[in-house]
Amino acid sequence: MRLTKDSKISFTPQCLTVNGRPWYPVMGEMHYSRVPVQYWEDELCKMKAGGVDIVSLYTIWIHHEEEKGVFDFTGSRDLHAFLETVKRCGLYAILRIGPWAHGEARNGGFPDWLLEAERSEGFRTRTDDAGYLHYVQRFYEHIYHEA
Numbered sequence: 003m004r005l006t007k008d009s010k011i012s013f014t015p016q017c018l019t020v021n022g023r024p025w026y027p028v029m030g031e032m033h034y035s036r037v038p039v040q041y042w043e044d045e046l047c048k049m050k051a052g053g054v055d056i057v058s059l060y061t062i063w064i065h066h067e068e069e070k071g072v073f074d075f076t077g078s079r080d081l082h083a084f085l086e087t088v089k090r091c092g093l094y095a096i097l098r099i100g101p102w103a104h105g106e107a108r109n110g111g112f113p114d115w116l117l118e119a120e121r122s123e124g125f126r127t128r129t130d131d132a133g134y135l136h137y138v139q140r141f142y143e144h145i146y147h148e149a
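In our numbering, the protein residues as written are 3 to 149.
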């Protein structure tokens, strides 16, 4: 089912609806930063052919800021290009910005430098500690500009 800006999305106790018609979306996961760019479109088309409507994707922090303050959104880490490829393939995306990622990434996707900073600067990750949230906000701002 193709959604447009004018589509009326709702739900019943049994399903989602689009313009009054039942919609049972199927979602699949793809970690774009782990797949070489040249395979993105082919893999997404396979997902669509298999009945997937929505691609869920993590922005794995350690893949984008391996070194403190040095952000990389190029090549297979190019979030914007991946989202454009998802769109071109006729799929929808759910962007999972973390900061914690349960995608089998070392440290839950946290960069090593963040864990070192946790110890040296005395903040606590995965809390509302201002020291931690400073780095999270900076990461989110980069994601915003890339998406």
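If you're looking for bench data, these hints aren't it; they were derived computationally from the structure.
Take these hints with a grain of salt, some might be off.
Unchecked claim - Heads up, simulated EDC-like pairs for lysine to aspartate or glutamate below, C-alpha to C-alpha not over 20 Å straight-line:
1) Lys70 to Glu31
2) Lys50 to Glu68
3) Lys50 to Glu123
4) Lys89 to Glu31
5) Lys70 to Glu118
6) Lys50 to Glu120
7) Lys70 to Asp131
8) Lys10 to Glu120
9) Lys89 to Asp131
10) Lys70 to Asp114
11) Lys89 to Asp55
12) Lys50 to Asp8
13) Lys70 to Asp8
14) Lys48 to Glu86
15) Lys48 to Glu31
16) Lys89 to Asp44
17) Lys10 to Asp55
18) Lys70 to Glu120
19) Lys7 to Asp55
20) Lys7 to Glu86
21) Lys89 to Glu123
22) Lys70 to Asp80
For clarity, every value in this text was computed on a predicted model and none was experimentally measured.
Do the hints match the structure? See the list:
1. Lys70 to Glu31: Not OK: Lys70 and Glu31 at ~28 Å, beyond 20 Å, violated.
2. Lys50 to Glu68: violated, 32 Å
3. Lys50 to Glu123: Violated. Lys50 to Glu123 sits at ~46 Å, over the 20 Å cutoff.
4. Lys89 to Glu31: holds, 15 Å
5. Lys70 to Glu118: Within the cut-off at roughly 10 Å; holds.
6. Lys50 to Glu120: Given pair Lys50, Glu120 is violated - Cα atoms ~41 Å apart, limit 20 Å.
7. Lys70 to Asp131: holds, 19 Å
8. Lys10 to Glu120: violated, 45 Å
9. Lys89 to Asp131: violated, 36 Å
10. Lys70 to Asp114: holds, 9 Å
11. Lys89 to Asp55: This hinted pair holds, its Cα atoms lying about 11 Å apart.
12. Lys50 to Asp8: violated, 23 Å
13. Lys70 to Asp8: It is violated: about 43 Å lies between the C-alpha atoms, which goes past 20 Å.
14. Lys48 to Glu86: Roughly 17 Å between the alpha carbons, so the hint for Lys48 and Glu86 holds.
15. Lys48 to Glu31: holds, 12 Å
16. Lys89 to Asp44: holds, 13 Å
17. Lys10 to Asp55: holds, 17 Å
18. Lys70 to Glu120: Status holds; Cα separation ~13 Å.
19. Lys7 to Asp55: The given pair, whose Cα atoms are some 17 Å apart, holds under the 20 Å limit.
20. Lys7 to Glu86: Holds. Lys7 to Glu86 sits at ~17 Å (cutoff 20 Å).
21. Lys89 to Glu123: Roughly 41 Å between the alpha carbons, so the hint for Lys89 and Glu123 is violated.
22. Lys70 to Asp80: holds, 19 Å
Checked against the numbered hints listed earlier, the structure breaks hints 1, 2, 3, 6, 8, 9, 12, 13 and 21; every other hint is satisfied.
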